Amino acid sequence: MLADDDLIRAAPQEFSITPDLAMKMIPLFRYWRVSAEWTSREDMLKKISWRDDDGKLQSMPIRPDIIVHIPHTDEHNILVVEAKRIGNKDHAGDIRKLTLLTRKESADPRYHYGYRLGVHLIVDLPNRRIAGNDVYRNGQVEGDLTDLLWKLLH
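First residue of the sequence shown: 9, per the working numbering; consecutive thereafter.
Honestly, the hints are just simulated from the structure, not real lab data.
Computed from a predicted model, the values in this text were never measured in an experiment.
Even for Gly, the Cβ is constructed at its ideal location relative to N, Cα and C.
Hints are supplied without guarantee of correctness; some may be wrong.
[To be verified] Ranges between beta-carbon positions, derived for each pair:
{"#": "1", "residue 1": "Pro-35", "residue 2": "Asp-61", "range": "25 to 33 Å"}
{"#": "2", "residue 1": "Pro-35", "residue 2": "Arg-59", "range": "23 to 31 Å"}
{"#": "3", "residue 1": "Arg-124", "residue 2": "Asp-155", "range": "14 to 22 Å"}
{"#": "4", "residue 1": "Asp-60", "residue 2": "Phe-37", "range": "33 to 41 Å"}
{"#": "5", "residue 1": "Asp-62", "residue 2": "Asp-28", "range": "16 to 24 Å"}
{"#": "6", "residue 1": "Asp-132", "residue 2": "Gln-66", "range": "16 to 24 Å"}
{"#": "7", "residue 1": "Lys-97", "residue 2": "Asp-60", "range": "34 to 42 Å"}
Kindly generate the complete structure, drawing on both the sequences and the hints.
See the structure below:
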């Protein structure tokens with residue numbers, strides 16, 4: 009993606025970058041589906057749920073940037089990726105999604121996904137680099153995996 013001159017020159021918004029990245033990921037996951045902007049699960053809208061400070065159940069619809077999965081199963085949700093361009097500092101929604109999507113349990117079982125890993129990428133297209141990344145496992149940032157991904161990307 010960072011070597012794609014056409015993509016760099018076009019300087020597209022995030023919603024155009026992530027499908028391009030998803031297409032490039034397909035050969036790496038031969039036995040899974042790599043999907044961009046996947047919004048449903050069976051016949052339900054994809055949502056996350058949590059309990060607020062008062063213990064009240066909250067939920068909201070989501071559209072993960074990229075997921076690697078076998079549709080119609082929870083056991084094969086491998087990876088969820090959220091990406092932002094370097095100028096976009098609004099990371100709170102992505103962090104909430106990655107935290108909740110990678111947990112082993114959910115506040116509402118209907119909205120449990122149990123992704124094994126989540127990745128938050130900060131993309132600096134003009135300078136052709138990944139400016140930041142975090143790897144989530146079990147609902148929190150996993151420092152060793154974050155460091156490993158950083159080394160692999162640089």
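Would you pick out the hints that fail for this structure and give their numbers low to high? 1, 2, 5, 6 and 7
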